[in-house]
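Peer 1: Spelled out from the first residue to the last, the chains are:
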Amino acid sequence: MARELQIREALREAMNEEMRADENIFLIGEEVAEYNGAYKVSQGMLEEFGEKRVIDTPIAELGFAGISVGAAMNGLRPIVEFMTFNFSLVAIDQVINSAAKMNSMSGGEFFCPMVFRGPTGSAGQLGAQHSQNFENWYANCPGLKVVVLSNAYNAKGLLKSAIRDNDPVIFMESEQMYGLKHEVPEEEYLIPLGQANIQKSGEDVTIVSFGKMMRVCEEAVVALAEKGIDAELIDLQTVRPIDYKTIADSIIKTNRCIIVEEAWPLASISSEISYMMSQMVFDHLDAPIKRVTTRDVPLPYAPTLVDAFLPNVERIVQAVDAVMYR
Amino acid sequence: MAKKKPGKQTYIDWFRMMMLIRRFEEKSAQMYGQNKIRGFCHLYIGQEAVAGGLMSAMEDGDKVITAYRDHGHALAMGIDPGAVMAELFGRVDGCSKGKGGSMHMFSKAHNFLGGHGIVGGQIPLGAGIALAEQYKGTKNVCFCFMGDGAVRQGSLHETFNMAMLWKLPVVFICENNNYAMGTSVERTTNVLDIYKMACAYDMPSEQVDGMSCEAVHEALERTADLARKGEGPTFLELKTYRYKGHSMSDPAKYRTKEELENYKKVDPIEVTRKEIIKKKWMTEKALDELEEEIEAEVAKAVEFADNSPFPEPDELYKDVYMEDYPFIVE
Chain P
0 MARELQIREA LREAMNEEMR ADENIFLIGE EVAEYNGAYK VSQGMLEEFG
50 EKRVIDTPIA ELGFAGISVG AAMNGLRPIV EFMTFNFSLV AIDQVINSAA
100 KMNSMSGGEF FCPMVFRGPT GSAGQLGAQH SQNFENWYAN CPGLKVVVLS
150 NAYNAKGLLK SAIRDNDPVI FMESEQMYGL KHEVPEEEYL IPLGQANIQK
200 SGEDVTIVSF GKMMRVCEEA VVALAEKGID AELIDLQTVR PIDYKTIADS
250 IIKTNRCIIV EEAWPLASIS SEISYMMSQM VFDHLDAPIK RVTTRDVPLP
300 YAPTLVDAFL PNVERIVQAV DAVMYR
Chain Z
0 MAKKKPGKQT YIDWFRMMML IRRFEEKSAQ MYGQNKIRGF CHLYIGQEAV
50 AGGLMSAMED GDKVITAYRD HGHALAMGID PGAVMAELFG RVDGCSKGKG
100 GSMHMFSKAH NFLGGHGIVG GQIPLGAGIA LAEQYKGTKN VCFCFMGDGA
150 VRQGSLHETF NMAMLWKLPV VFICENNNYA MGTSVERTTN VLDIYKMACA
200 YDMPSEQVDG MSCEAVHEAL ERTADLARKG EGPTFLELKT YRYKGHSMSD
250 PAKYRTKEEL ENYKKVDPIE VTRKEIIKKK WMTEKALDEL EEEIEAEVAK
300 AVEFADNSPF PEPDELYKDV YMEDYPFIVE
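Residue numbers (numbering that gives the first Met the number 0), protein chains in the order written: chain P, 0 to 325; chain Z, 0 to 329.
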């Protein structure tokens with residue numbers, strides 16, 4: 000049986016189910032307990048699990064990220080909520096230098112089974128410091144896994160897998176998507192990390208994306224269909240590791256590929272995929288891969304500038320036209 | 000409640016451990032000169048009383064974490080000197096399989112949660128280790144060591160605040176050897192008494208003679224007991240001194256010979272040796288024999304390290320993830 004859940008509800012269900020099953024899992028972060036979550040993801044969790052397992056922190060990301068890494072080294076399984084990943088930058092030392100390194104530099108003596116989760120990317124007119132994507136920053140670092148949800152179904156299935164994973168997982172959400180509703184089965188399911196999802200199959204062109212941009216891509220796929228173009232749409236779901244094979248197989252079928260990413264272009268996930276596809280399926284490509292990213296600037300406040308900054312349907316359609324030489 | 004004052008066996012154990020660390024570190028310097036040890040290497044010589052006091056004050060199951068000057072703590076936690084030396088040599092039988100090196104000694108079996116290389120980075124980790132003990136309802140504590148350089152990091156303040164708020168069972172211990180690399184305490188702050196930094200968080204704190212095993216032992220045991228009883232953290236400033244430079248590449252030109260000589264007059268190993276002889280717990284001859292035994296143990300550690308192979312190249316991809324992972328290889 001499927002019912003519709005908001006993404007925030009799907010995330011909450013994932014945490015609740017896992018926390019009921021394993022007493023060593025706890026949720027920690029700013030406003031997660033008494034306030035029920037800055038975006039209400041953790042609504043009701045304090046009531047069910049108590050203050051031992053749903054822990055409000057002061058505004059001290061470096062401190063509570065590090066405390067959580069220490070707890071993970073000593074047998075617990077923390078879920079660390081960043082109110083946004085923009086704030087994770089003051090904690091990034093503990094993510095990169097501690098969590099991601101512990102297994103390797105201790106020769107396997109200690110490991111960090113934990114999740115760092117929270118929203119990524121822009122969410123309207125929030126200005127330059129609250130509108131950034133660091134998926135590629137974290138994806139660059141060995142020792143981490145990086146997941147980006149795009150709907151309520153994968154929100155739940157991926158978060159459950161992330162919580163059960165024995166490595167540190169960066170789990171990225173979106174402020175603008177918490178209220179979106181999608182079908183979610185009643186029965187338990189997991190979505191494995193590291194596997195892309197072919198959201199719509201098609202014959203003419205491969206569109207690769209992830210996260211909030213999947214919504215824009217879905218609209219673009221409809222617009223392309225109206226022009227008679229049958230696009231295949233791939234949701235990466237995990238950006239470390241990346242499921243290169245699913246992309247390559249798709250290109251072997253369509254011979255054309257564009258990548259849509261909410262992030263600055265240099266050294267992005269799209270650059271990485273372009274390189275790997277040039278290695279794996281160069282002979283199958285009928286055109287150079289194109290990408291649609293955010294503009295290469297900090298995001299300003301004015302609505303006209305937000306529109307000019309973000310990938311949109313028009314730019315995606317243009318990129319498809321370009322790789323199809325139309 | 001005051002515990003029994005350390006007696007004969009404790010003093011002998013202290014002498015033994017401090018002498019082991021001293022000779023081990025002297026050997027490390029020698030091996031560094033022979034290029035058998037590479038990379039950064041920070042010696043513990045001069046600060047041995049801290050490791051001695053830790054060894055006797057801790058209880059089974061207590062956890063320890065420190066920064067990169069970690070050979071002394073590793074030995075005090077009972078890791079075999081051969082495994083520590085093999086780690087310095089980068090060999091497979093090192094306590095971190097040759098993947099950590101001087102700065103990253105670890106041993107789960109010995110409750111040693113490492114040697115950490117980012118100054119101050121281990122402070123929140125130590126509080127988190129304590130949070131896990133509290134969460135699991137044990138009576139164990141975490142001893143979280145740092146240098147006088149680390150107390151200038153923001154991580155200390157964030158951690159002190161939360162550790163007090165949550166009454167975490169952790170003892171924060173600053174080994175103040177007066178130099179953050181080449182910068183003296185006086186050149187980094189107006190608050191020269193480091194222990195006073197805890198006052199901002201209403202955390203109990205005090206200054207301790209870090210050149211005395213007995214003083215270190217007493218302070219650690221007493222403050223750990225508070226933590227075990229649920230009364231929360233303490234911050235101890237142990238006044239100590241390193242005889243060598245910050246690392247192997249540092250000639251320590253920023254301090255005077257007189258300053259160094261003054262500290263050597265209160266050398267913890269000499270002080271302990273004199274006390275043992277004065278109390279007639281051991282004769283001078285017996286102590287000399289013990290010293291020879293320790294030198295033989297260190298020689299054996301070097302032999303063990305020398306005989307251990309370097310890791311095979313395929314080790315590169317191990318211990319990065321807990322399960323199979325599709326690494327990018329080209």
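Rather than coming from a laboratory, the hints here were simulated on the basis of the structure.
Please read all numbers here as calculations on a predicted model, not as lab measurements.
Note that beta-carbon positions come from the ideal geometry of N, C-alpha and C, so glycine has one too.
Please note that the accuracy of each hint is not assured.
Claimed, not checked - Lysine to aspartate or glutamate pairs mimicking EDC-like chemistry, simulated, CA-CA at most 20 Å apart: (1) P:K244 to Z:E288; (2) P:K180 to P:E22; (3) Z:K135 to P:D203; (4) Z:K3 to Z:D59; (5) Z:K26 to Z:D79; (6) Z:K135 to P:E22; (7) Z:K279 to P:D203; (8) Z:K166 to P:E50; (9) Z:K26 to Z:E290; (10) Z:K135 to P:D21; (11) Z:K166 to P:D203; (12) Z:K26 to Z:E288; (13) Z:K166 to P:D55; (14) Z:K264 to Z:D59; (15) Z:K138 to P:D203; (16) P:K244 to Z:D79; (17) P:K244 to P:D203; (18) Z:K135 to P:E12; (19) Z:K135 to P:E50.
What the hints assert, rightly or not - In silico negatives: residues of chain Z with every beta carbon more than 12 Å from chain P: (20) A28; (21) L191; (22) D224.
Peer 1: Evaluate each hint against the coordinates.
Peer 2: Now for the hints, and whether the structure bears them out:
no.: 1; hint: P:K244 to Z:E288; result: violated, 67 Å
no.: 2; hint: P:K180 to P:E22; result: violated, 29 Å
no.: 3; hint: Z:K135 to P:D203; result: violated, 57 Å
no.: 4; hint: Z:K3 to Z:D59; result: holds, 18 Å
no.: 5; hint: Z:K26 to Z:D79; result: holds, 15 Å
no.: 6; hint: Z:K135 to P:E22; result: holds, 10 Å
no.: 7; hint: Z:K279 to P:D203; result: violated, 92 Å
no.: 8; hint: Z:K166 to P:E50; result: holds, 14 Å
no.: 9; hint: Z:K26 to Z:E290; result: holds, 14 Å
no.: 10; hint: Z:K135 to P:D21; result: holds, 13 Å
no.: 11; hint: Z:K166 to P:D203; result: violated, 62 Å
no.: 12; hint: Z:K26 to Z:E288; result: holds, 19 Å
no.: 13; hint: Z:K166 to P:D55; result: holds, 15 Å
no.: 14; hint: Z:K264 to Z:D59; result: violated, 34 Å
no.: 15; hint: Z:K138 to P:D203; result: violated, 65 Å
no.: 16; hint: P:K244 to Z:D79; result: violated, 47 Å
no.: 17; hint: P:K244 to P:D203; result: holds, 18 Å
no.: 18; hint: Z:K135 to P:E12; result: violated, 25 Å
no.: 19; hint: Z:K135 to P:E50; result: holds, 14 Å
no.: 20; hint: A28; result: holds, 23 Å
no.: 21; hint: L191; result: holds, 25 Å
no.: 22; hint: D224; result: holds, 20 Å
The structure fails to meet hints 1, 2, 3, 7, 11, 14, 15, 16 and 18 from the earlier list, while all remaining hints are met.
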